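Visitor: Read off the chains here:
There are 2 protein chains.
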Amino acid sequence: MKVESVGEFGLIQRLAKQITVGPGVVRSIGDDCAVFEGPPTWYHLLTCDMLIDGVHFKVGRAKPEQIGWKALAVSVSDVAAMGGIPQYAVVSLGVPKGCTVELLEGIYKGLQRMAGTCGVSVVGGDTVRAPRLTIDVTLFGRVERTRLVLRSSAREGDQLFVTGTLGGAVRSGRHLTFTPRWQEIRAIGDRFPLHAMIDLSDGLSSDLGHLAAASRVGAIVEAAAVPRARGATLKSALTEGEDFELLFTAPASMSAALTEWAAGALRCGLTRIGEIVPARQGVTLRHPSGQRERLAAAGFRHF
Amino acid sequence: MKVESVGEFGLIQRLAKQITVGPGVVRSIGDDCAVFEGPPTWYHLLTCDMLIDGVHFKVGRAKPEQIGWKALAVSVSDVAAMGGIPQYAVVSLGVPKGCTVELLEGIYKGLQRMAGTCGVSVVGGDTVRAPRLTIDVTLFGRVERTRLVLRSSAREGDQLFVTGTLGGAVRSGRHLTFTPRWQEIRAIGDRFPLHAMIDLSDGLSSDLGHLAAASRVGAIVEAAAVPRARGATLKSALTEGEDFELLFTAPASMSAALTEWAAGALRCGLTRIGEIVPARQGVTLRHPSGQRERLAAAGFRHF
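Sequence order for the protein chains is A and B. Under my numbering, the first residue of the first sequence carries the number 1, and numbering increases by one thereafter. Under my numbering, the first residue of the second sequence carries the number 1, and numbering increases by one thereafter.
Calculated directly from the structure, the hints in this document are not laboratory data. Note that the coordinates shown come from a computational prediction; the quantities given were computed from them, not determined experimentally. Fair warning: there could be bad hints in the mix.
Claimed, not checked - Result set (BS3-like, lysine-lysine): computed pairs, CA atoms no more than 30 Å apart in a straight line: (1) A:Lys97 - B:Lys97; (2) A:Lys58 - B:Lys109; (3) B:Lys109 - B:Lys97; (4) B:Lys2 - A:Lys2; (5) B:Lys17 - A:Lys97; (6) A:Lys109 - A:Lys97; (7) B:Lys58 - A:Lys235.
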């Protein structure tokens, strides 16, 4: 059976069945990071992201430094989506024949620039021959046990928030230059309880679907509230992906205070886009007319 | 400038120059694992290894389970080479078009089998589209601070030991089925002080060269003492690589006791193959005639 016939998430489910995890594991496959036990009041986080020339970036179109920046930034975004603090990274590099040292040095410059913005140390790696330039970054981080935010903890009545603006990330080149919302979400978490969170890599409709499924809830997104990047259509904001903004839920009782605080303190912006409802209502988009339509997962699919 | 003109180790040196590491990092690029601070009496270890179809294995020739086994085993060998204990792994999978689910399930079966032998939990991963089947495993582990063994700690007069037998690992298929010497080295380390260690992935001559360079020492290898796998020539045992045995140094005062203990307790075998000498003597091979020749690095080179 070809992978195309089960799809990315069908494949992950089938692979997960082969695996048995031991004690100490808090979360394995199925969230933005794996979570396992650390020192008494902390959890460790571990996440990996593989980027390949022609799939996630194009050598020649993207600057080498942008490729390196993105390669680490996507993992920092995953750590942010758990409420955590990124710490150490290792980098596997697959290098095609004839690749220049300058290209790879540029990629490492970008990695280091990203690492410098968030206190990460790049501590090691592997370099091998590959048919196409391949970069796999694994990022290790930590989170206070009381501050861990899972995909699966959304509750009915929670309000849905998203950082920044959505849509057109690939067309505009923002997918290569984005700033992961690590500091923003730590600042929010210092002041407000977060219930559930995911980063927007596949697209709002897909990623909200993942969060709702993991939490066994439904959600309503207000079409008029979705914050669009300049020039982005609603469809693009809902489905295109590679935004690397954070989507999270917080208790309704905190909604007004959070919105007010964010308006003064959060430069990237924070928008309430909807709410969590019972699972039987599904995940829907509500238009200003009051009409609701099912919000189908339509983001980027690898297979 | 093409990567081929600087070579793998020249490239790594140039990339390392782009990187600044922060506090908490004990060892970054240049050993089998990165080492950073953990709980009071422990260090954390992190290592990644990328395997690509056609370079490290061949789909169709290697069984899927063997590919998965090897993908994790090479990283377990790296943790072993620091004296450590493997704990958690994440797996990035690059999947070519038309790849079957059964192949990937088989790979995960092999990963889990290897994980089961050493108490590792596979806790997460990433799956992306790739031109060729690509598996990158990152392994997290730990080591007591007093038990960390670096490449760079060999001392003049140390005796050189190697586990198992060397040579012909690729030809015989052993590179797909080997057992990393994690338990063996923990058992040795429980009883004897180890000074420096490296795992034999590139070949004895190359890897001993790395250890000697990192430790700023020379070494003499007794040609007659090198333990050869069945049918392997001396040249093959010295240069072919993919053995994934451990090469380590221990104080001469311990040599007899270690050899005696190993003869009774270590099923994989342990052989004293030479000794550490001052750097000015270089790394040489001594034939039974007493004649010495320079032991040139001649193992597998990616570029």
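Visitor: Holds or violated: are the alpha carbons of B:Lys17 and A:Lys97 at most 30 Å from each other?
Guide: holds (22 Å)
Visitor: Need the status of pair B:Lys2, A:Lys2: alpha-carbon distance at most 30 Å?
Guide: violated (37 Å)
Visitor: Given the hinted pair B:Lys109 and B:Lys97, is their Cα-Cα distance within 30 Å?
Guide: holds (21 Å)
Visitor: Can the restraint linking B:Lys58 and A:Lys235 be considered satisfied, given a maximum Cα separation of 30 Å?
Guide: violated (43 Å)
Visitor: Within 30 Å, alpha carbon to alpha carbon, are A:Lys109 and A:Lys97?
Guide: holds (21 Å)
Visitor: Verify the proposed pairing of A:Lys58 with B:Lys109, using a straight-line Cα cut of 30 Å.
Guide: violated (34 Å)
Visitor: Hinted pair, alpha-carbon criterion (30 Å max): A:Lys97, B:Lys97. Please report holds or violated.
Guide: holds (22 Å)
In the structure shown, a violation is registered for the earlier hints numbered 2, 4, 7, in ascending order.
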